Amino acid sequence: MDTTKMCKFIIVVSLALCTVVLAVAGETCQNPSVASQVYSTHEASVVVNTALVAEFTLKCSNGVKNLALYAEINGQFVPVTKNEDGTHYQVSWVGEHKQAPRGVYPVRVFDSDGYQQIKKAQRNEESSGAIKALFTLSIDHSGPYRGPWLQSEFIAATTAIIVWYCAYTAKSKLQS
Amino acid sequence: MVGKKLTKQEELLLQDFSRNVTTKSSALFYGNALIVSAIPLWLFWRIHQMDPYQSALVWAAMTIVSTYLVAFAYRNTKFILKHKVAQRREEAVNREVMKSLGDDKKMSRKEKDERALWKKNEVADYEATTFAIFYNNAFYLVLAIILSFYILKTTTPTINYILTVGVTSGILALFSTGSQ
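Protein chains in written order, with the numbering used here: chain A, 1229 to 1404; chain B, 4 to 183.
If you're looking for bench data, these hints aren't it; they were derived computationally from the structure.
Zero decoy hints are in this set.
Subject to a maximum C-alpha distance of 20 Å in a straight line, what follows is the list of computed EDC-like cross-link-like pairs (lysine to aspartate or glutamate):
#1 K1401(A) to E93(B)
#2 K1287(A) to D1313(A)
#3 K1401(A) to E94(B)
Every value quoted in this text rests on a predicted model; they were computed, and no experiment measured them.
Build out the structure end to end from the sequences listed, making use of the hints.
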């Protein structure tokens, strides 16, 4: 009887442990596979701010979906938004043009655990650079177009003044 | 003196010192003036976004006024320049005419001089006409661009157009009345 009870106890504990392990493993994305599209503002003559946007789909080998993700983009930590079924994610940053010069912007994406570690590092005033991200995206920002170097009316006026000056000089020579 | 027929030389001299232009020159002046006065229409239509149908009357009126004033400026500038051009070209024209008529024994000295004078007048007339058109067109365009894009930038397109065309053609006419 004792042996039977012992065996039952061991089985129950094992099952419980397995459940815990599975539950914990279910919250973490294993071997993430990412397909992304990025966008950045290309025009600054009318648009006031620069936007950096990354949209991606995430597939985990363990089938986890609908994860709560956080991203570090241009030095800021922001939550990653997702659609209803949790398959498409989007992260964005908006700021002044001078805060986003031309360059490649890495976007480090963290899951809940990673974000907790970052918060802890921030509380302890430590660097968060050493914390491993779930994956990293890159936004290649070519810089916004600020309009032509010279206004067209300036070029037209300058050309007209040069032509008129040549005519005036010729007229003065004739009349001298 | 009444009824006395003028010699060719006297006719040429009168023509030389008269502000009147020939019909051909007049047509040339008014034609060019109309084209130049019509150029700002395109500018105000496409860049200042004026509606052609609503602005048709204003455009027509200002174009007519500008055409008259620009042609007036052409005439005056031509008159001022003609004598200067004639003085500069006199020697070259005489040389050319004498060279072409030098072997002609039938023509008298007086006739040759008249021919040279006529040729000089023709050359001076043509050069002064073309230069007057060139100079006034360049001046018109400079004033129109500076007025419409810089000085009158903040005004409504209609006021901008009226003042640009009016002031530009007015300044052209005014400056052409100078003695030099």
